[in-house]
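Colleague: Chains as they are written, first to last, in this note's numbering: chain A, 1 to 248; chain B, 249 to 492.
Watch out, some of these pointers could steer you wrong.
What the hints assert, rightly or not - In silico BS3-like links for lysine-lysine, alpha-carbon gap of 30 Å or less:
1. K194(A) with K486(B)
2. K450(B) with K364(B)
3. K58(A) with K487(B)
As the list claims (entries may be wrong) - Some chain B residues flagged as far from chain A (calculated, every beta-carbon gap over 10 Å):
4. G295
5. N297
6. H311
7. L352
8. Q363
9. E365
10. N366
11. Y373
12. R436
13. H440
14. G448
15. K450
If you're looking for bench data, these hints aren't it; they were derived computationally from the structure. Just so it is clear, CB atoms sit at the ideal spot from N, CA and C, and this is done for glycine as well.
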Amino acid sequence: MKGPDKTNSDIFLSVVAPVYKEEENIEAIIRNWEKVLEKCEHATEIVIGNDGSTDRTKQILEQLTEEFPNLRAVHSKQNGGYGDALFKAIYASRGQYVVTIDSDGQFELSDYLLLQECLKDGYDAVTGYRMGKKDTFLRVLADRALNVIVRVLFGLRYKDTNCALKLIKGDIIRKITIEARFYPTPTEILLRLKEQGVRIGEVGIHHKERVGGQSHLRLIRTGWDMFLFLIYMRLKLFLKRTRVINDF
Amino acid sequence: MKKNSVSLSVVAPVYNEEQVIEKIIRYWFEVLKNDGISHEVVLGDGGSNDKTLEILERLGTEHTNLKVVHAPQPSGYGNALFSAIYATKGEYVVMLDSDGQFDLADYAPMLERLQKENLDVVTGYRIRKEDSFVRVFADRVLNLIVRIMFWLNQKDTNCALKVFKGDAIRSMRIEARAWPTPTEIMIRLKAHGYNVGEMGIKHHARGGGETKLRVFRTGFEMLCFLFYMKFKLRLYRKKVINKL
Numbered sequence: 001m002k003g004p005d006k007t008n009s010d011i012f013l014s015v016v017a018p019v020y021k022e023e024e025n026i027e028a029i030i031r032n033w034e035k036v037l038e039k040c041e042h043a044t045e046i047v048i049g050n051d052g053s054t055d056r057t058k059q060i061l062e063q064l065t066e067e068f069p070n071l072r073a074v075h076s077k078q079n080g081g082y083g084d085a086l087f088k089a090i091y092a093s094r095g096q097y098v099v100t101i102d103s104d105g106q107f108e109l110s111d112y113l114l115l116q117e118c119l120k121d122g123y124d125a126v127t128g129y130r131m132g133k134k135d136t137f138l139r140v141l142a143d144r145a146l147n148v149i150v151r152v153l154f155g156l157r158y159k160d161t162n163c164a165l166k167l168i169k170g171d172i173i174r175k176i177t178i179e180a181r182f183y184p185t186p187t188e189i190l191l192r193l194k195e196q197g198v199r200i201g202e203v204g205i206h207h208k209e210r211v212g213g214q215s216h217l218r219l220i221r222t223g224w225d226m227f228l229f230l231i232y233m234r235l236k237l238f239l240k241r242t243r244v245i246n247d248f
Numbered sequence: 249m250k251k252n253s254v255s256l257s258v259v260a261p262v263y264n265e266e267q268v269i270e271k272i273i274r275y276w277f278e279v280l281k282n283d284g285i286s287h288e289v290v291l292g293d294g295g296s297n298d299k300t301l302e303i304l305e306r307l308g309t310e311h312t313n314l315k316v317v318h319a320p321q322p323s324g325y326g327n328a329l330f331s332a333i334y335a336t337k338g339e340y341v342v343m344l345d346s347d348g349q350f351d352l353a354d355y356a357p358m359l360e361r362l363q364k365e366n367l368d369v370v371t372g373y374r375i376r377k378e379d380s381f382v383r384v385f386a387d388r389v390l391n392l393i394v395r396i397m398f399w400l401n402q403k404d405t406n407c408a409l410k411v412f413k414g415d416a417i418r419s420m421r422i423e424a425r426a427w428p429t430p431t432e433i434m435i436r437l438k439a440h441g442y443n444v445g446e447m448g449i450k451h452h453a454r455g456g457g458e459t460k461l462r463v464f465r466t467g468f469e470m471l472c473f474l475f476y477m478k479f480k481l482r483l484y485r486k487k488v489i490n491k492l
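Please work from the sequences and hints to get the whole structure.
Modeller: Right under this line is the structure:
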């Protein structure tokens, strides 16, 4: 649970990811991440938020946490959604920096170095934009539409707001509460960071096709719900600024 | 199950009420003493910059179960009230305004009804309101809008005199900064399935001091806020957002 800041100065980097029913992929992905992190000269950890998976994901994670001492998993009993699982893991993290990433093999964890490099320009957070997106036409279209809507509603110009790969200072991200249950979460994170005045950089990263498993995304419903959610955020911002409500 | 050592908590927000606050607090303690119920009075200060806090500090030395909590600034009715609510320990909580518009003694039949019918909240509705025509009219219009938008059956959701089960009200989060708070409480309680009752109560002219309420600004605020809550409820039910 969100609480007093738990930054453990020994742990430099926390890799945080939500997972839902990924029994086919998750072991290979975690092994790959551990290999990548071995090359890091500082202490690291991986925290996985298991969103109540009903397949063998939990058992696989339990075996892996015995094998890797820097791996931890937070298991939710119920399916609370992408955002819920991600943030349960974030609140359990302790690193100075947090990298958020998806657990379905679409991103290269080693790209976190690109994000880290960008921090040198004085940013407290860096968001990735997917170069050469390997997605179905509809998804690419949806993501483009999302960027346009965010620009129109909030005046923010990002190339890929909903990109899951982001790097944020640990104490900043652990103070945030998010509301979206499903896929708008990376966008919501950006909006909330921006509202707090956090300086955010942007860097190109690689994107691969999902390997095995299945996407749990139903596009039309998700698109409409995302739109409604953004309207909700905009309304909230308006009400906060006109002092009708207390918090954003 | 641990029994709360304080049975009834009286809560109110307070803001610059140096003219009436002493009389009101003394009256409350008299009422509570007469009723022989174990009690505490918790006030939420919204940033008073007159003599209110001095007066309360002095009263605090006479009554050890008077507590003043300071709301984070910038403050409004809503967060001043809830700063106090979160600091209460009573099994039951009575909320009301600190300007003399309500008689604390009216809590007793409401509490009785709450206990008898095992409700979670009993809200008052104001009978024969002693207020300017504009305010009464605004309140009636507001109530109609609230009833239509949220299917609430109460006659006067924004009435500030309410009696709750302590655990129920303390588990509530609120978002409105100022005037919509009593209505917001009712909307949330209904959304979470709590049992609600209502009872007619007397309304008095303000005991002194002046009202801090500006009708048009608050009307606008209220409409915006209701629209927001309606939208939020819909997103919550569609599972687009996680919490209400």
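Colleague: If a hint holds in the structure, say so; if it doesn't, say that too.
Modeller: Results for each hint:
{"no.": "1", "hint": "K194(A) with K486(B)", "in the structure": "holds (27 Å)"}
{"no.": "2", "hint": "K450(B) with K364(B)", "in the structure": "holds (22 Å)"}
{"no.": "3", "hint": "K58(A) with K487(B)", "in the structure": "holds (24 Å)"}
{"no.": "4", "hint": "G295", "in the structure": "holds (14 Å)"}
{"no.": "5", "hint": "N297", "in the structure": "holds (19 Å)"}
{"no.": "6", "hint": "H311", "in the structure": "holds (30 Å)"}
{"no.": "7", "hint": "L352", "in the structure": "holds (27 Å)"}
{"no.": "8", "hint": "Q363", "in the structure": "holds (33 Å)"}
{"no.": "9", "hint": "E365", "in the structure": "holds (33 Å)"}
{"no.": "10", "hint": "N366", "in the structure": "holds (29 Å)"}
{"no.": "11", "hint": "Y373", "in the structure": "holds (25 Å)"}
{"no.": "12", "hint": "R436", "in the structure": "holds (14 Å)"}
{"no.": "13", "hint": "H440", "in the structure": "holds (17 Å)"}
{"no.": "14", "hint": "G448", "in the structure": "holds (30 Å)"}
{"no.": "15", "hint": "K450", "in the structure": "holds (31 Å)"}
Violated hints: none; the structure is consistent with every hint.
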